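Just so you know, the sequences run in chain order A and B.
Each residue of the first sequence is one higher than the one before, counting from 135 in the numbering used here.
Each residue of the second sequence is one higher than the one before, counting from -3 in the numbering used here.
There could be a bad hint or two in this list.
In silico EDC-like cross-links for lysine to aspartate or glutamate, where the CA-CA straight-line distance does not exceed 20 Å [stated by the list, open to error]: (1) Lys232(A) - Asp383(A); (2) Lys137(A) - Asp218(A); (3) Lys140(B) - Glu64(B); (4) Lys86(B) - Glu166(A); (5) Lys155(B) - Asp111(B); (6) Lys203(A) - Glu72(B); (7) Lys236(A) - Asp393(A); (8) Lys56(B) - Asp157(B); (9) Lys66(B) - Asp282(A); (10) Lys82(B) - Glu64(B); (11) Lys252(A) - Asp202(A); (12) Lys252(A) - Glu166(A); (13) Lys203(A) - Glu64(B); (14) Lys140(B) - Glu289(A); (15) Lys140(B) - Glu166(A); (16) Lys82(B) - Asp314(A); (17) Lys82(B) - Asp282(A); (18) Lys86(B) - Glu289(A).
Worth flagging that the hints you see were computed from the coordinates, not collected in a lab.
Everything numeric in this text was worked out from a predicted model, so none of it was measured.
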Amino acid sequence: MSKTIFELVDELPTNNITVMTLRALDFVVPGEWNNTVGFVNTIREVSGEEDEDIIQQIGDRAIWLYNDKSQGYQRAMWLYETVDNADSALGAAALANKVGEKIPLLGFLNRLTPNPDKAQSIDLTLKLVVEVLAFCQINGIPGDSIGDFAAALGEEYKGDSLMRMAALICLDGLIPLGPDFLGKVQSTISNLSGGDLERNGTFRGISSLIPGNSTGGKLDFIGNALEGVTGWIGNFVGDRGLNPATIFDHLQGFVEFSDDKLDYVAAFLDMTTNYYEHTGTQTIARSIIERAVGEI
Amino acid sequence: MSSTNTIGKLSAAGLLAIWLFLSGCSSTPPSRFEQAQQASTQRGASAVVRESEQGGQFNKFFPAAEGEYKVVYSQEKKGFAQAKLKQNGKEVAVFTISDTINNPQAKDKFQQSTDKIGGYPAVSSGSKGTAVLAGLFQVKVISKDSSFTEKERESWLSKFDLSGLAALQ
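Isolated chain A (complex conformation):
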């Protein structure tokens, strides 16, 4: 049986490679993400309530909302889980081999394969699409509403959600694809065929939830989603002066690697982190709790 929402939130790790990586990215969105773990903790933080009876009422209602499949929260969770392809065994092995404060990347090179640019561009774009779809499921907006999503990115995204977008830009964009990642992604997607898309495992996993009657229609949606957020991403990178070198500097706090193995850092983080699932769980928990506070 799948896990309950309170188990999912209670069991979020407090110190694995995902958490270390996101902490290292705090400089991108300072103070936005505090890794709130635990269902009751999240209720306290979101509601500001201390009364145990009120906390119980909020938690009970939030659980009812999550468990009602028609409300979309479970579908959003499924999307966040499905788009991450973390290899938890590798993550555990890396942590076990930590020397002092750092994980020596050298020991894992034979288990890592850097993603070719084309595959990486598709991965990044599908993660963006998942964010659009999950946002619509969580907030009750029709699933093809890229405009609402793009507006919310600027106005509403903060905390776990903003950290997820920061990590997407850094870990799936700047590090594997370089400073011109947006250009590369746009050109890949605009030249993509339906066949390319159908060969992608992540696409096959989530394709039933992507608007469009055919692969061609879904490809159009994917292209529109990317186009809808390109401006925001460009500004996000530009405003903060982000580049691969500054991100590498911050990652060196906990992973040890040499400058000729930068490709492998991206592959290592791709395989050992599940930041979409981790922060997505936090976003969904926050959303059902906010709604429960209004409904009790």
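Given the structure of chain A, go ahead and fit chain B onto it with the hints provided.
Frame of chain A; chain B shown alone:
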């Protein structure tokens, strides 16, 4: 006879020991949310009933933006709508309207209400919220910043179109 009894007692003791051992191993005590989990996953259980109003129906009853305050709609689900009140860009409160058909217990707290806002029963809800019951619909203003006081919650509640909402069928 007595030996059978002894065997019986021994095996009962053994079973008890095994049970204690196993239950000792099942690490955590049941969660305080287990009951809600069980009830909400029964066949036919739903958090939101089909008859409840669409959240989009509620939007027109929210207060309008004014001066340095902006109202930003954030969740719109069947039976529920939520907006954030921003003062110069900073979130200071959350506004919600919900259909109590989905959570009838929400109405109980209004039975002791002595206050009224716009003619409708009003109560404080938790330490950060003030709620009004307009017909079948609960309207809440929840403070997100300590500067946003109870008085302000009441003042913003009075800016909702409560009678329009109460008339919604």
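* **Hint consistency between lysine 140(B) and glutamate 289(A) [alpha-carbon to alpha-carbon, up to 20 Å]** => Holds: lysine 140(B) and glutamate 289(A) sit about 17 Å apart, inside 20 Å.
* Asked: Hey, lysine 66(B) versus aspartate 282(A), does the alpha-carbon distance stay inside 20 Å?
  -> holds, 17 Å
* To do: Assess, step by step, whether the Cα of lysine 137(A) is no farther than 20 Å from the Cα of aspartate 218(A), and give holds or violated.
  => With Cα atoms ~17 Å apart, lysine 137(A) and aspartate 218(A) stay inside 20 Å; holds.
* Asked: For the pair supplied as a hint, lysine 86(B) and glutamate 166(A), is the alpha-carbon distance within the 20 Å limit?
  -> holds, 14 Å
* Take a quick look at whether lysine 140(B) and glutamate 166(A) sit within 20 Å of each other, Cα to Cα. => Roughly 16 Å separates the two Cα atoms, so the pair holds.
* Asked: Between lysine 232(A) and aspartate 383(A), is the straight-line Cα distance small enough, at 20 Å or below?
  -> Between lysine 232(A) and aspartate 383(A) the Cα gap is close to 18 Å, so the pair holds against 20 Å.
* If you draw a straight line from the CA of lysine 252(A) to the CA of glutamate 166(A), is it 20 Å or shorter? -> It is violated: about 31 Å lies between the C-alpha atoms, which goes past 20 Å.
* To do: Take the C-alpha atoms of lysine 203(A) and glutamate 72(B), compute the straight-line distance between them, and say whether it is at most 20 Å.
  => holds, 16 Å
* Satisfaction of hint between aspartate 157(B) and lysine 56(B), Cα-Cα up to 20 Å -> Satisfied, since the Cα-Cα distance of roughly 8 Å is no more than 20 Å.
* Asked: Keeping to a limit of 20 Å between CA atoms, is the pair of lysine 82(B) and glutamate 64(B) held or broken?
  -> holds, 8 Å
* Agreement of lysine 155(B) and aspartate 111(B) with the hint, judged by alpha carbon distance not exceeding 20 Å -> With a Cα-Cα distance of about 16 Å, the restraint between lysine 155(B) and aspartate 111(B) holds, given a limit of 20 Å.
* Distance restraint between lysine 86(B) and glutamate 289(A), which requires alpha-carbon spacing of 20 Å or less -> Status holds; Cα separation ~11 Å.
The structure is inconsistent with the numbered hints 11, 12, 13 and 16, although it conforms to all the rest.
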